[in-house]
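Let the hints inform the model, and build the full structure from the sequences given.
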Amino acid sequence: MSRLLRLYPAAWRERYEAEFIGTLQERPVGLTGSVDIFYGAIDAHLHPELIGGAPHAWTHRLPGLMATAAGLIWSGFYLRILLAAPEEWGYGVLIAMLLMLFAVLGDYINAYLRPIALTICALLAAALLAGVQPLNVIGSGMLNFALGATASLLLSGGMLTLAALRAGVGAGVRWLLIAGGLLVPVIVAIPIMGGFGPNDPGGAPAMVVAILPYGIAWTIIGLRMTLRGSVTIHDAPITKPITEVSAT
Amino acid sequence: MTNALGELGRFAEPALYILVSLSDGPKHGYAIMTDVEAFSGAPMGPGTLYGALARLERRGLIEALEPEERRRPYRLTALGATTIQAQLMQLNSFVRTGLGRLDRKPS
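So the sequences go chain by chain: A and B.
Our numbering puts the first sequence at residues 154 to 401.
Our numbering puts the second sequence at residues 478 to 584.
I should point out that these hints are in silico values taken from the structure, not numbers from a laboratory.
Note that CB positions come from ideal geometry on N, CA and C, so glycine has one too.
A portion of the hints provided could be inaccurate.
[Unchecked claim] In silico SDA-like cross-links for lysine to any residue, where the CA-CA straight-line distance does not exceed 20 Å:
1. B/K504 x A/A171
2. B/K504 x A/G175
3. B/K504 x A/L307
[Said to hold, decoys possible] A few chain A residues that don't get close to chain B, going by computed Cβ distances all over 12 Å:
4. Y244
5. T303
6. G323
7. G325
[Stated by the list, open to error] Pairwise CB distance ranges (calculated):
8. B/R487 x A/G205: 18 to 26 Å
9. B/F571 x A/A324: 53 to 61 Å
10. A/R156 x B/R578: 46 to 54 Å
11. A/Y244 x B/L556: 54 to 62 Å
So this is what it looks like as structure tokens:
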């Protein structure tokens with residue numbers, strides 16, 4: 154049950170985890186108590202000021218909300234393909250990718266206001282355009298496909314990695330999300346996109362299964378970003394003595 | 478309800494229970510949960526307990542004492558004692574008013 158405490162922010166755990174575990178050892182909780190702890194973790198993320206952190210303005214939640222929306226739009230779009238098998242891609246993926254870009258951009262700007270953040274995002278925007286253009290100007294065939302796939306992979310992987318870092322997930326979970334949300338599905342997707350798999354409407358489910366996890370990964374990361382807010386370099390874990398915290 | 482507790486939103490009622498529980502001396506988390514359940518009849522979840530404790534501590538209504546192994550007792554501050562006293566007097570007045578009106582109600 155004490156695993157649920159990992160859902161709490163680090164500063165909160167530093168202050169309350171030991172006694173919280175002590176309380177749980179004396180009084181184990183059931184399902185209702187677990188739900189109560191889960192709500193408590195969300196509350197702790199939404200109110201960092203309770204343990205001496207700076208309260209988050211709504212703008213610090215915005216990048217996370219955009220990332221969540223991007224994940225949901227992406228997932229919804231591919232689920233729609235699975236259900237309706239439309240022939241055209243529409244704007245769903247483009248909107249989702251722009252939201253992902255803005256989420257990462259907004260989070261870095263919120264957190265650092267550093268030129269490097271703008272540089273990274275400018276490079277990502279350039280990669281977004283480059284990922285589309287070679288498909289049209291270089292010609293057709295395997296080179297075209299390889300360039301487009303590589304640019305897409307770098308762009309998608311880069312943005313997902315940046316978002317996961319900003320969401321503050323641990324290294325293990327981060328790699329799980331990146332591998333499960335992108336790398337493994339792409340390995341599955343490459344032969345399908347290269348024409349080695351079924352291209353008829355019956356092939357859509359395989360395509361969806363390969364790409365849908367990316368949207369799910371973004372949704373998970375987006376929710377985490379929303380709860381965490383845009384963490385700045387000034388938001389170090391609270392290490393003040395308890396008496397000092399009490400006095401504030 | 479006084480502003481000190483009223484502004485705690487959904488944590489106002491748990492906070493009131495905790496302050497009442499600490500009125501007769503310091504208690505740690507488990508003791509507070511047991512005590513609250515005994516006098517209110519409703520269990521208090523640990524997430525709610527620590528959410529309310531953090532808010533009360535932040536507002537200076539309670540303070541943490543030195544931990545005893547994994548138990549950390551809390552006690553009322555002077556401000557906390559004043560606040561809970563005012564809160565209970567207000568509730569008492571409210572209860573007396575309500576009961577008085579029921580007594581005067583024509584049958």
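Against the structure, the hints come out as follows:
| no. | hint | verdict |
| --- | --- | --- |
| 1 | B/K504 x A/A171 | holds (16 Å) |
| 2 | B/K504 x A/G175 | holds (13 Å) |
| 3 | B/K504 x A/L307 | violated (56 Å) |
| 4 | Y244 | holds (40 Å) |
| 5 | T303 | holds (46 Å) |
| 6 | G323 | holds (22 Å) |
| 7 | G325 | holds (25 Å) |
| 8 | B/R487 x A/G205: 18 to 26 Å | holds (22 Å) |
| 9 | B/F571 x A/A324: 53 to 61 Å | holds (55 Å) |
| 10 | A/R156 x B/R578: 46 to 54 Å | holds (52 Å) |
| 11 | A/Y244 x B/L556: 54 to 62 Å | holds (57 Å) |
Comparing the model with each numbered hint stated earlier shows that hint 3 is the single one that does not hold.
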